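Go by the hints and put chains B and C onto chain A.
Chains A, B and C are the protein sequences, given in the same order.
Sequential numbering of the first sequence, starting at 12, is according to the working numbering.
Sequential numbering of the second sequence, starting at 321, is according to the working numbering.
Sequential numbering of the third sequence, starting at 130, is according to the working numbering.
Just so you know, the hints here were simulated from the structure itself, not pulled from any lab data.
Within a straight-line C-alpha distance of at most 25 Å, the following computed DSS-like cross-link-like pairs (lysine-lysine) qualify:
1) K165/A - K215/C
2) K347/B - K605/B
3) K159/C - K605/B
4) K216/C - K159/C
5) K349/B - K605/B
6) K588/B - K139/C
7) K349/B - K369/B
8) K349/B - K588/B
9) K216/C - K165/A
10) K347/B - K588/B
11) K369/B - K347/B
12) K159/C - K215/C
It should be emphasised that the depicted structure is a prediction, and the values quoted were computed from it without experimental measurement.
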Amino acid sequence: MLLAFILVIPAVAAGLVLMFNLRRAATAFAVTAGALEVAGLALTAWRVSRTGSLEAGKYLRADALTAFFLVNVGVVFFLVLLYSTSYIRHIPPGRFSSARWFYSLLFLFLFTMVGVYLAANLGLLWIVMEATTLASALLVGFYNTEGAVEAGWKYLIVCTVGLAFALFGTIVFYVAAVHAGLGPDDALQWSVLAQAGPMLAKSSTLIKLGFVFLIVGYGTKIGLVPMHSWLPDAHAEAPSPISAMLSAALLNCAVYALARYNTITVHSLGPAFSHHLLIFFGAASLLVAGLLMIVQQDLKRLLAYSSVEHMGIIATGIGLGGLFGVYGALLHTFNHSIAKSLLFFSAGHVRETVGTSRIPALRGLARNLPWTSAALVIGLIAIVGLPPFGLFISEFSILREAFSQSHWPAALVLLGTLSVVFGAMTYHFMRMLTGSPERAGSEVPAKSKTGAEFFAMGICAVLLVIFGVTIPAPFNNLLKAAMAVLQ
Amino acid sequence: MMNFVMNAAQMLLLVLAAPLLRGVISKLKARIQKRRGASVWRPYADLWKLLHKEDFVPNTASAVFRAAPVIVFAVTVAAAAFLPLLHPAAFLAMDGDIFLFVYLLAIARFSISLGSLDGGSAFGGMGSSREALVATLAEAPFFLVLTALAILAKTASLSGIAAWTIHQDFFDVSTVHILAFVALAIVAVAETGRVPVDNPTTHLELTMIHEAMVLEYSGPSLALIEWSQAIKLHLMAALMIGLFAPWGMSETAGLGAVAVAIGLYLVKLLCLVVGLCVVESSVAKLRMYVVPDFLRVASALALLAVIFTAITKR
Amino acid sequence: MGLIELAAVKVLSSAAVLLFSTVLLMATAKRITTCVYLLAVQAVILTLEVVAAGYMEHVPEVYIIAGMVLLAKVIGIPYALLWLMKKLHTPHDVGASLSPGYSVFVMSGLIVLSFVAVRLYLQELHATEVMLAAAVALILSGAFLMVTRSKALMQVLGLMVLENGIFLAALVTTFGMPLIVEIGIVFDLLMGLLLMGIFVFRIRDTFDHLDVSRLRRLRG
Numbered sequence: 012m013l014l015a016f017i018l019v020i021p022a023v024a025a026g027l028v029l030m031f032n033l034r035r036a037a038t039a040f041a042v043t044a045g046a047l048e049v050a051g052l053a054l055t056a057w058r059v060s061r062t063g064s065l066e067a068g069k070y071l072r073a074d075a076l077t078a079f080f081l082v083n084v085g086v087v088f089f090l091v092l093l094y095s096t097s098y099i100r101h102i103p104p105g106r107f108s109s110a111r112w113f114y115s116l117l118f119l120f121l122f123t124m125v126g127v128y129l130a131a132n133l134g135l136l137w138i139v140m141e142a143t144t145l146a147s148a149l150l151v152g153f154y155n156t157e158g159a160v161e162a163g164w165k166y167l168i169v170c171t172v173g174l175a176f177a178l179f180g181t182i183v184f185y186v187a188a189v190h191a192g193l194g195p196d197d198a199l200q201w202s203v204l205a206q207a208g209p210m211l212a213k214s215s216t217l218i219k220l221g222f223v224f225l226i227v228g229y230g231t232k233i234g235l236v237p238m239h240s241w242l243p244d245a246h247a248e249a250p251s252p253i254s255a256m257l258s259a260a261l262l263n264c265a266v267y268a269l270a271r272y273n274t275i276t277v278h279s280l281g282p283a284f285s286h287h288l289l290i291f292f293g294a295a296s297l298l299v300a301g302l303l304m305i306v307q308q309d310l311k312r313l314l315a316y317s318s319v320e321h322m323g324i325i326a327t328g329i330g331l332g333g334l335f336g337v338y339g340a341l342l343h344t345f346n347h348s349i350a351k352s353l354l355f356f357s358a359g360h361v362r363e364t365v366g367t368s369r370i371p372a373l374r375g376l377a378r379n380l381p382w383t384s385a386a387l388v389i390g391l392i393a394i395v396g397l398p399p400f401g402l403f404i405s406e407f408s409i410l411r412e413a414f415s416q417s418h419w420p421a422a423l424v425l426l427g428t429l430s431v432v433f434g435a436m437t438y439h440f441m442r443m444l445t446g447s448p449e450r451a452g453s454e455v456p457a458k459s460k461t462g463a464e465f466f467a468m469g470i471c472a473v474l475l476v477i478f479g480v481t482i483p484a485p486f487n488n489l490l491k492a493a494m495a496v497l498q
Numbered sequence: 321m322m323n324f325v326m327n328a329a330q331m332l333l334l335v336l337a338a339p340l341l342r343g344v345i346s347k348l349k350a351r352i353q354k355r356r357g358a359s360v361w362r363p364y365a366d367l368w369k370l371l372h373k374e375d376f377v378p379n380t381a382s383a384v385f386r387a388a389p390v391i392v393f394a395v396t397v398a399a400a401a402f403l404p405l406l407h408p409a410a411f412l413a414m415d416g417d418i419f420l421f422v423y424l425l426a427i428a429r430f431s432i433s434l435g436s437l438d439g440g441s442a443f444g445g446m447g448s449s450r451e452a453l454v455a456t457l458a459e460a461p462f463f464l465v466l467t468a469l470a471i472l473a474k475t476a477s478l479s480g481i482a483a484w485t486i487h488q489d490f491f492d493v494s495t496v497h498i499l500a501f502v503a504l505a506i507v508a509v510a511e512t513g514r515v516p517v518d519n520p521t522t523h524l525e526l527t528m529i530h531e532a533m534v535l536e537y538s539g540p541s542l543a544l545i546e547w548s549q550a551i552k553l554h555l556m557a558a559l560m561i562g563l564f565a566p567w568g569m570s571e572t573a574g575l576g577a578v579a580v581a582i583g584l585y586l587v588k589l590l591c592l593v594v595g596l597c598v599v600e601s602s603v604a605k606l607r608m609y610v611v612p613d614f615l616r617v618a619s620a621l622a623l624l625a626v627i628f629t630a631i632t633k634r
Numbered sequence: 130m131g132l133i134e135l136a137a138v139k140v141l142s143s144a145a146v147l148l149f150s151t152v153l154l155m156a157t158a159k160r161i162t163t164c165v166y167l168l169a170v171q172a173v174i175l176t177l178e179v180v181a182a183g184y185m186e187h188v189p190e191v192y193i194i195a196g197m198v199l200l201a202k203v204i205g206i207p208y209a210l211l212w213l214m215k216k217l218h219t220p221h222d223v224g225a226s227l228s229p230g231y232s233v234f235v236m237s238g239l240i241v242l243s244f245v246a247v248r249l250y251l252q253e254l255h256a257t258e259v260m261l262a263a264a265v266a267l268i269l270s271g272a273f274l275m276v277t278r279s280k281a282l283m284q285v286l287g288l289m290v291l292e293n294g295i296f297l298a299a300l301v302t303t304f305g306m307p308l309i310v311e312i313g314i315v316f317d318l319l320m321g322l323l324l325m326g327i328f329v330f331r332i333r334d335t336f337d338h339l340d341v342s343r344l345r346r347l348r349g
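Only chain A is shown next, with the shape it has when bound in the complex (with noise of 0.2 Å):
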């Protein structure tokens, strides 16, 4: 009941949305029926905590990990949309560019999410994740320029080529499961799956066929190396609250997809294959991006690449097991959202105000946007990994686990890259926060009314501290509970 209730809101509020032309009242029902769905979220994962697990039908389930990443995906949501309905004056307008059809646009790609995290069949996980692509499309090419229209293109077409290769993996997953002895119904159900282990493992050869087109299909929407090309376009041309609900959101669903694959697979292989397969995307991933970001001259690209660097980051966690493994990653794909959502907001303030993302014509923003340099060095801080910010304990966590496995080639990747990673962001906000503003394009902004971006931009920076602190206790506890759904 529950879990149709939050699937409901985001469907129906995205048709009605579409009533309100103008865009204070769009934004007023927009935020109103946020509102009642991030509290839905909320109920759910309060109710999953208490209960166990929920079911509505055979195709509905939320779990503990469901009910993570709905905690994940409602603050992620809500500061969106706390940021989006100041920002939305900035988008000019057009026929299909309006408001409303943001809100509703974004209130579809809610819904598509939910979904992901809802789904008990999988072949229902995947045509909702196919969906997510659709619903986002055209957010991603929402301001209709040039580079928006290329990097919607090939974010369409290179995502819906990747989940056609989930598909194929779906179905040979199905396969293995039918001939195994599975029921159809039953085949495709993840709780039945998850426990069917020893039956799965006489369609070994079946399964590992089957997960290294899952990784590679689902791999292209998380983002990971060699599948990454449409995620720098994509986070970069699309609008920032957008690029924020991409980064922070989007890259995680895909990630609790694999996740419950890897689970799957773990129970009937063993966990070398899967393992190797995980920790050598993750590498990879951390590798090229590391090293792309030396290079950039675009800020959202420089923060889209470390959203590839913090995937393989999470892969990399996943990918090593064990109790520290999972916990750092799970934690770090919630922290990861807050810094990036932070770090997403601030770069579209400046964008917005000075006019360019571009490094080279970014300077002295210290002394112009005061406010906004104080939010983009605290989620520098944040992003690249130190006390006292969340990600530092996430990643901690994992590379404590290669440590204590005495995995050095992960550990070595691990340490090297965010070594390097810490040296060019560093620079590059540096190049960005110092000096003296010069010429066109500097200007110093009129006082506007961004209360509600900077009010979403406060938030990130406190939860950021706290979880840096510490994790609180019914949090500790659901996360607790996701960590052992995936063992």
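Relative to chain A, chains B and C alone:
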């Protein structure tokens, strides 16, 4: 004895009916293009006329120029001896005659190329070089197609392949045969100089391939060359029928069976002719530098057919 | 009944050959409309295959899937693509970076590769070898078309061929997945086509051409 008579009759039919085939094709094309067209017996009248005209030879030509038409005619008629027409055995059938057949046609092409070069005109040289390009590229798929079918039939004789195919079920669709048929159709078009490789009725010298080579010939020499070209067209058609659709060929020598065989052969020939005329009337001739690409398609399909003989059972 | 049974058996045994033919013909095609017609032919072959398989195995819900495939893939998608071609007024040229001759060579290589790949996994997958090889060949040729043809509509078409291949692979190994999943997949495909159509219009309006290889603004 009866076999000998039938085989000889086959060969004579191939040779003597060739101009009639040419006439039917022209008439049918004319009809498709909404013209009345010349009579189907016109090629015979042309041959008769040419045989009674004087044979002009350029001053600079040597014996090669004079010998070429004779060699072409002789070799083409010899090639006709290897094709099964009415029953799955030919006048001269031996193991490996698929290669002999291809090379006899190649000797014919080679001779006419030399002859036109010897004639000394610019267009002769141009025609020779173009013909050499098309012939080189068409030879590989030709061989591969015959090889693929020979592998399936486990015999390297055209008559053997026809005999094997008769015993196959018509409704069992065979990948190898479909691929080989398309490749051989492309090769046949290239070998006989029809649209889209070469337009046999063009009067623009720059678009000619075969016609450019015979510009210098006249009288009986030209008659022999024209007749050889018609025989070659008939040979390629009979080859396609014999390799891919030989059902109806009589295995016995009874008169009824032979009549049925002739009737069915004419029906199949008519189908091919209609196909050729429709293609010639609707497709434009390819530009010269696209022709190698066209033949590359035939090579790829023929190669795939050979590989498929190993992959599939049929 | 014997005649229908015979027809079903013939369809099942010759579908693979026909699919290989459409794939090779697509490699030689020089116009987008030719490829669209070939896509429709492929979908017809798939529908016949679904119906024949359902008839032979006596699984009635397969007919629903066949009807869906008929509506969506035989009529819907080709019609949508042709409508897009008409509305966009773009040149019909395919934008091939490989000439038809070389494309056919590469496509033949991909067909052989799919047979090799299927041989490795055949004993696990209880399906007729030829049909599974046809499915893999469709997938590979869809990817090949997407890579070597630079027009946006050809990329969409390559994607449709790829999805046809995956659908066929699901069909020959499992007689299709549960009905809801199949319906969802086809629905996703149609929505994807809708989105791609919207984007194609936007590309044409922003860039004035539909040549994807000339979209090179974002690099690094």
